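Residue numbers (my numbering), protein chains in the order written: chain X, 7 to 123; chain D, 67 to 175.
Warning: the hint list may mix true and false statements.
Said to hold, decoys possible - Simulated crosslink set (DMTMM-like; lysine to aspartate or glutamate; CA at most 20 Å straight-line):
1) D/K113 x D/D150
2) X/K83 x X/D105
3) D/K110 x X/D60
4) X/K49 x D/E151
5) D/K171 x D/D150
6) D/K110 x D/D99
7) D/K113 x D/E151
8) D/K113 x D/D128
9) X/K49 x D/D128
10) D/K113 x X/D68
11) D/K121 x X/D68
12) X/K71 x X/D111
13) D/K110 x X/E37
14) X/K49 x X/D68
15) D/K110 x D/D149
16) D/K121 x X/D60
17) X/K83 x X/D60
18) D/K113 x X/D105
19) D/K110 x D/D150
Hint data in this document are derived by calculation from the structure and do not stem from the laboratory. Source: prediction; values computed, not measured.
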Amino acid sequence: QVQLVESGGGLVQPGRSLRLSCAASGFTFSEHAMYWVRQAPGKGLQWVALISYDGRNIYYADSVKGRFTISRDNSQKTVYLHMNSLRGDDTAIYYCARDQFLAPDVWGQGILVTVSS
Amino acid sequence: QSALTQPPSASGSPGRSVTISCTGTSSDVGYYDYVSWYQHHPGKAPKLIIHEVSKRPSGVPDRFSGSKSGNTASLTVSGLQADDEADYYCASYAGSITVFGTGTKVTVL
Numbered sequence: 007q008v009q010l011v012e013s014g015g016g017l018v019q020p021g022r023s024l025r026l027s028c029a030a031s032g033f034t035f036s037e038h039a040m041y042w043v044r045q046a047p048g049k050g051l052q053w054v055a056l057i058s059y060d061g062r063n064i065y066y067a068d069s070v071k072g073r074f075t076i077s078r079d080n081s082q083k084t085v086y087l088h089m090n091s092l093r094g095d096d097t098a099i100y101y102c103a104r105d106q107f108l109a110p111d112v113w114g115q116g117i118l119v120t121v122s123s
Numbered sequence: 067q068s069a070l071t072q073p074p075s076a077s078g079s080p081g082r083s084v085t086i087s088c089t090g091t092s093s094d095v096g097y098y099d100y101v102s103w104y105q106h107h108p109g110k111a112p113k114l115i116i117h118e119v120s121k122r123p124s125g126v127p128d129r130f131s132g133s134k135s136g137n138t139a140s141l142t143v144s145g146l147q148a149d150d151e152a153d154y155y156c157a158s159y160a161g162s163i164t165v166f167g168t169g170t171k172v173t174v175l
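Sequences are here, hints too, so could you generate the full structure?
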């Protein structure tokens, strides 16, 4: 079945970097755009980034622009989120999701990123 | 990139209906027919229940329905069941970005 599994989260100090990965299975990965969406503690869902099916078109939320980089490897069926200059307000559960109907349709279980000294 | 506005909470008795609003602007909800709704049980992955304003993915019961008028979209949950108690989020495509709603906690009384 369609599955997305995030990895790479954990505790990181402010100002440091972290890379999240999202491994896809059960569908033709190279045909779908992919999202990263996050949820800070006690807060709602926030769109972070989108990458097109071929990686040529990339978009970011203003809050992460210039610090985060989304990328993908279609041969490995994996999408990545490189996070630099991390701040306390980046603390959140990060979800990857598949695009369908110009909306995230299938989501991973999420991975916790905690930014703290 | 302001969040779409949803009421913080809504409630209803089992078997009754509840409707959640989602208010955006003429640049997102009002412009595009790409409004989606998600059910989110804490600790689990969000689940898509409505896409393109009113379409249900396969497997989603017809108790869930969506609509839109102007800059406001709505989700109605009919025949409330205990398992419907969850957080609900709307989202709208806004031309290369996606904007989520503030979220509504639905309580089944």
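Hint check:
1. D/K113 x D/D150: Satisfied, since the Cα-Cα distance of roughly 12 Å is no more than 20 Å.
2. X/K83 x X/D105: 14 Å, holds
3. D/K110 x X/D60: 29 Å, violated
4. X/K49 x D/E151: 18 Å, holds
5. D/K171 x D/D150: Holds, because 10 Å separates the two Cα atoms, which is no more than 20 Å.
6. D/K110 x D/D99: 27 Å, violated
7. D/K113 x D/E151: 13 Å, holds
8. D/K113 x D/D128: 15 Å, holds
9. X/K49 x D/D128: 29 Å, violated
10. D/K113 x X/D68: 25 Å, violated
11. D/K121 x X/D68: Roughly 30 Å between the alpha carbons, so the hint for D/K121 and X/D68 is violated.
12. X/K71 x X/D111: 24 Å, violated
13. D/K110 x X/E37: 26 Å, violated
14. X/K49 x X/D68: 18 Å, holds
15. D/K110 x D/D149: 13 Å, holds
16. D/K121 x X/D60: Distance of about 27 Å is beyond 20 Å: violated.
17. X/K83 x X/D60: Answer holds: X/K83 to X/D60 is near 12 Å, not above 20 Å.
18. D/K113 x X/D105: 13 Å, holds
19. D/K110 x D/D150: At roughly 14 Å apart (the allowed maximum being 20 Å), D/D150 and D/K110 satisfy the hint.
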